Every structure is written in C-alpha cells, then in structure tokens.
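Asks: Make the full structure from the sequences, and use the hints.
Residue numbers (UniProt numbering), protein chains in the order written: chain W, 1 to 230; chain G, 1 to 230; chain Z, 1 to 230; chain U, 1 to 230.
Keep in mind the hints are simulated off the structure, nothing from the lab.
Predicted model, so just to flag it, every value in this text is computed and none were measured.
You may find that some hints are simply not true.
Computed list of lysine-lysine pairs in DSS-like fashion (alpha-carbon distance at most 27 Å, straight line) [what the hints assert, rightly or not]:
#1 U:215 with Z:76
#2 Z:155 with Z:176
#3 G:220 with G:155
#4 G:155 with W:76
In silico negatives: residues of chain Z with every beta carbon more than 10 Å from chain U [as the list claims (entries may be wrong)]:
#5 10
#6 43
#7 95
#8 105
#9 123
#10 151
#11 170
#12 225
Backbone N, C-alpha and C define an ideal beta-carbon position, used for all residues, glycine too.
Number of protein chains: 4
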Amino acid sequence: MEALKQQVCAANLDLPRLGLVTHTWGNVSGIDRQTGLFVIKPSGVPYDALTPETMVVMDLEGNRVEGTLNPSSDTKTHLELYRAFPQIGGIVHTHSPYATAWAQAGRDIPCYGTTHADYFYGPVPCARMLTQAELDLDYEKSTGLVIAELFRERKLDPVAVPGALCRCHGPFAWGKDPAQAVYHASVLEECAKMAMWTLQLNPEAQPVPQYLLDKHYFRKHGPGAYYGQK
Amino acid sequence: MEALKQQVCAANLDLPRLGLVTHTWGNVSGIDRQTGLFVIKPSGVPYDALTPETMVVMDLEGNRVEGTLNPSSDTKTHLELYRAFPQIGGIVHTHSPYATAWAQAGRDIPCYGTTHADYFYGPVPCARMLTQAELDLDYEKSTGLVIAELFRERKLDPVAVPGALCRCHGPFAWGKDPAQAVYHASVLEECAKMAMWTLQLNPEAQPVPQYLLDKHYFRKHGPGAYYGQK
Amino acid sequence: MEALKQQVCAANLDLPRLGLVTHTWGNVSGIDRQTGLFVIKPSGVPYDALTPETMVVMDLEGNRVEGTLNPSSDTKTHLELYRAFPQIGGIVHTHSPYATAWAQAGRDIPCYGTTHADYFYGPVPCARMLTQAELDLDYEKSTGLVIAELFRERKLDPVAVPGALCRCHGPFAWGKDPAQAVYHASVLEECAKMAMWTLQLNPEAQPVPQYLLDKHYFRKHGPGAYYGQK
Amino acid sequence: MEALKQQVCAANLDLPRLGLVTHTWGNVSGIDRQTGLFVIKPSGVPYDALTPETMVVMDLEGNRVEGTLNPSSDTKTHLELYRAFPQIGGIVHTHSPYATAWAQAGRDIPCYGTTHADYFYGPVPCARMLTQAELDLDYEKSTGLVIAELFRERKLDPVAVPGALCRCHGPFAWGKDPAQAVYHASVLEECAKMAMWTLQLNPEAQPVPQYLLDKHYFRKHGPGAYYGQK
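Replies: Written out as structure tokens, the structure reads:
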C-alpha cells in the first residue's frame, strides 16, 4: 500500500507538470486489485502540499480505510469506474481545457489522426447528461455509472478506449496504473486540441480510415506491437 | 493595516504568476471593513517593484490616507464596488485576454460547465457601455456604478457571482479577501477560455441545466458544502 | 553612442523575453537625432550572442559608420521610417504571430477595447502590398516608404498610432526610444490576439465609441494624463 | 560517425526545447552520405535519457549497423526519404500540433506571408492518404514513398520545399543536416499556426504574390542571398 501511495502521489504531481490542471482541479487514484483498496488524492489540497502520507485509502464500498483527510469529492466516481472496469488500475480526472471544451460542447472527439489512433482505438466518447433524479440520488456515483453505461451501450473496451468525457463537466482517463492513466489524460488533451483545430481548418474533416486506425493502434498494442523497446 | 498591505501586495504579485497580466495591466485591492479603509496597488508600478510599503491606503471618500504614490487609476471603480457590495473584501481588475475578448464582444459568459458552476452561480454578466455623459462626469466612478446597476437590475448576488465584464474594457472580480478575488479572476479567465472553445465546437451549445448548476455551486458553497477539508 | 548601443542591445534582448520572436525573427534599432546616426541589430545573429559591441551603427544615408557585422536585412526600412517620422526614436520589427496573422489577412486591427485605446489612438493600420516595381527597385526601402505613405494618406500621427502592419509580412512598431518601441510591439501583439478572439465571439463586434477612445488615450497621454506616477 | 551521433542526439534534444514534441512523439535522424549510414533516435526513449551512445546507426538497406536499441518506428520512412532526396542530410518527424491539424484537415499550408516564404518556396504540401494495400505491405516504407511521389508529381524541389504533411498523421521536415531539419520543423509549425489564424481572420486570404515569394526566398537562398553574415 505504501508503494501505491507513492505512485498515486507522484501521478498527482504530474498533473500540474504536464499542464493538465489549474489550481486543485484534478485528481488521480490507483487501485490494488488484490486487496480491493484504492488510494486517492485528498480533496482540495494544493499539489505542492501533497505527500504519500496525505493520500487517502478507500475500499470499494466507499469506506475510508486509512488517512485523516477527506478524499477527493470525485471519489465515488472513481469507485464506480473501478467496479465497472476490472481491467484498469489507475484513474485520473481533470478539467484540462480542450477536453473540457469538447465535454461542454457535448461532442465525441473524433479520431482524426495517428496521434489519437496510437492510444485511443476510436473516438473519445462523450457521456450523456445526468438526469436530475440521478444527480439528486448521488451525483458522483451516478457520474461513474453513466460512464459505465456509455461503454456498455456502445460496446467499448475500456482498455482500448482509455477515457471518456462527462457532458458539461470534463474528462476522465484511466490505464493499467496511475502513471499510465495520467499519460492517457495528456494524450486526450493533446488530441482534443488538435481535433478542434482540425475542424477549424476543415469543418468536413473525416476520421481516419479503419485500416489506419487498426495499424496505428496495433503497432503499439497487443501481440504484434513493435513500438518502443521490448 | 500592515497585515492587509501584505495581503494586497501578495495578491498583486499573484497576478503575473497566474498569467493574468501583461506589463502593469492589473490591480488588486483589499478592504478593512472595521475602519472602512482599503489598500490598493500604486498606479503603473511594475509588479517586481511592489512591496507592502508601496501600497496606497484610501478611505471610502476617495482620500489617500497613507502612502506617497498615486493609487491605481481604477481606484474609484474599486471604491464604488466596495460601497455597493458590502459583503466583499477584495477586488481585482485585469485585462486577462480571454475575459477581455468576451468584454470586447459585449457578451455574458454562459455557464457551460461545472468548472464555471463551481464558482459562479450563473453567467458572468457583461455591463452596458457607459454613456458619454457618465464618462465625462467621472469615468472610473461611473464604471463602478454601472457594475452595481447591473447587479441591481438583474438581481444578482455579488457573493454568488463574484465578477463581471466591463464592456469594451475587461473583467473585474472580487471575493471575501484579496486572495479569493484573485482566485476568482483566474477562474473567470479559465472559464472564458473554455467557453470560447465550446462555442467554436458547438455554436448551439447550451448552458448547464439548472439542477447541475445548483449541485455544483452548493457542493462548494453554503451549509451543505462537502468539497475540500473542513 | 555607447549608451544607445546598450539601449538597443537591451531592447533586442527583450524580444525573446516578451515572447515576441522565434529564432532571429525580429530586430530593434534606436536613433540619436543629434548626430543622425542609428544603431541596429546585426543580421541573423541569435539573441543570446548579442552584446552592445555587436550592434551596427548606420547613418541616414545607409552607410555603416561603426561595427563589423552586416546590419539587419530590414535596415533600409528602419531608415525610411526614421526619415518619415522625425518624432520617433526607436523602431522594432517582429513576426509576432497574432499581429502577423492580421498582416497576412490584410486587415487593420480595429480598436475593440481600452487595452488598445490606452496605446494606439485608433486602429493599427495595414499597409498595402508593394507593387512588383517597388519590390524590384528596393524591397526594404519601399517597405518603409509604403508605411510612410499609409500614414500620410490616412493623416495618421505616428506618435498616436505607434505601429503598423506590412501586408503579408508582419508588424513594425516604434516609440520615443528603443524600449518604448518594444513595449508598443508587445501591446500590438496582445491587442491583435484579443481582437481575433473578439471577432470569434462576435463577428459583428464594433470598435469602441470615439468618446471612450479619447478618454483612454488621453488618460495616459498629453497634458491631462493621470495614469502612473509623475 | 561519432560526430554525427552527437549532432543527431543534440537535434533530438532540441525538439522538446522548441516545443515541438509531447512525450516521445518525434525523432530526428542524420546521414553520412559518404558511408551511406544514417543515425536515428531509438524508439520510445524519453528525450532526457538520450545520449550519443543510445543513437542507432542504420544502413540504407534497413540493417542496424551499430547500437543495441530498436531504432525509431519511423525509421523506414526516413530511409525512403534519404533515398528519394539525395540532397538532404537530416530528417525530423514530429506531431507538432498546428502542423498536425493541417495534416488531419488534409490541406496544404498556403504561403500567406514572408515568414513562410523565407524558408519554404511555396505551400507546404500534404501527401495523399496511403491505400490499405500500401499500408498492409509496409506502412512506414510506404509513408516515405508517398512523400517522394508527392514531390515527383508536383515537380517540387526538396531543397526549396524542406517539408511535407502526411495525411492524418503529421509533418516531416528535412534539411542539409539534422540541425537545419529541426529548424525547418519549427518554421513549419510557426507558419502552420499563423496560417490557421490568417484563415480565421480572412477566410478568403490569398497566398503572397509570386514576386514577393521569389524576393523573400532568394533573399535568404542562392547566389544573391544577403540575409545574415557571410
């Protein structure tokens, strides 16, 4: 658990370094699938005050198991995503501005190029708005459930599409561990930016053809991958 | 008063650090409601030359009570806002570029998402243009009066909507103290940016539904707030 | 002349610090009106290699009076502006991206707000394209002559409008000395940026009314000025 | 070969310094035309872990001649460009965001101004999309062949037009050596940015007239060049 706290703390500190957050507007968590416990940033604490000791440990029933600070106000969303997507090991939420603009516009981010195709196998989907009933019942829990519903209904694999937009809110991204979740959040922001500019230059721009999407995604993922060092 | 001078000086220094000002184009003030005196940046002095001793102390009749430098040329606007909004303790004016673009476009900034809803309970309103008569009489004083009129006519609570745009000019923001005023100025700029991009992606974008606005604003404000540490 | 060389060198070093140049794409000069000699950046030398000793001294007939390096390739443009505008003491040319985009679009930058009105008394004018004959005769000299023609034909005062755009090229700005010229170049870039965003938000945006332009400009300039410290 | 490794390593390190890459999304190579060997960045290695020793040496048949790491996944594209363009000595590939947006929009970057004309003699061309057959056969090799085809069909001189866009992918740029290739990549990005903004300000913007293109390009290139120090 100490190693995970260090990883989660380090991943949170990467958010301002990568330009993904303003003020305290972002949080990273990581889960230990063996114990079923996850570690998350405390709520509203500035990044430069974070240490592994300030991290909060939660179980998947939503109980604080360790730590004295309140966990991130988005904790229940993380929890529902860990439940819905057993393959993932880390989650990040930010209000990074380009991805948030797409979320506020209520649009999926189309896959316009290889930068996107290298990490997201298809568009970054935008979830529907919560109903008032869902929000009144439990806002943060419902946010996670609506993302899970989105992946279920569209038959998306959360490993192949490691992020989503929450309508009128902002992006969530995830990965096999906290560091990869943050990496995916930064890819998502960069692709959101370039997709917006692509549309400015060509409002009729088309997504990459399927064969290019397949090529780039599987060049980096799966048994035939040949990017990087083995 | 020395403590307030330090707070106001520190808040002014936050402006360049947060990327809210170019050159000397911004100023922060703070008020001591007990004595009715407020402290404000001197006019045209570069931020790196500011010290608590260079701050200017004014009374609400517009007399300089302490300090040898001229106060900010916007001093009368600050003064009128302190008179009109007795709940506030700090004010900031900048020409931060995204908020200024909305002011120059003469448009309210709609509340398109939760980033905005967390701090501004509804659109950031844009005040009307001053008439020539108002300007000739007293430009800076009239600027403050027109913002006060805007809040009166639209029945806005300056605590729930801690900022406004001056038509063809730029933003003013405020808060319970100088530090919070600067925080709100930076939120306003970030939301102005994301709202512009939202419109580029979806010219028909709609503001958040009322229930989402309520949820986010009251998650952080009022008796039921649960964001951050208590 | 040594003092002027230092001023011109320092002003050139301000260009990268203010984010106005990429690579070596900008140059500043300053003139000593008593001797009629002006000092200018050497051509193609990186900013971090500039020292006062590397500056080149020219007379207004275009002869190199001092220095061993070639002067900026834009030297003849500076020369013609010094001849046409005897009130000015420093000139800067950059390819700063927002101002250059307006120049490439072939449009004056309208005065949409007080940031602009504080320093430029009206739109930043865009000069016409050089004819092929003008270009073949002497490109850099003609560039200066076309700017001078623009101010003559539109009856503009180069002190009140301290800059212009060269069609398909980029901005020139000037001032009473090299430091003020650079300050005006940075104002021009900031206003070019905000004016572009203003148009995105409101394609029908109108320039500020004349009485607001007068107020802001004369608040900072002329006998009734009251901005800053005396 | 050691000198070339150092040059290639240094040129790779310039990519993040010039803001041209996010994460590991860019690579530079350089060729020794006498031996026919080229040096290229290893695949997926972070820039701050690069040293001359980690560089990979390849021959033009695609064999690794020196080095223990895998070469960049784009190596075959570099190889085909070295074969097709015998005049060039260095190549760079990035996903720099403005150039990538043009590539994703599938548009040539028009020459709207002198910044562009100083380095690219005409538009930056956008190559066609690879067919599925080309991609299946050999994606990276085909990418190089399609760029070569583009220059052949449009009768472009790769020295006068030192870069191109790969449809739905991003830019390649080149030069006489690795350092100049990186310089051209940064010019390409800056011009891509300004061209996008030019179109926002004037959707009917026209490229520079031929005589201005000639003037600027030949002011810096060829026997009559007079920019910089001899």
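Asks: Looking back at the numbered hints, which does the structure fail to meet, lowest number first?
Replies: 4, 6, 7, 8, 11
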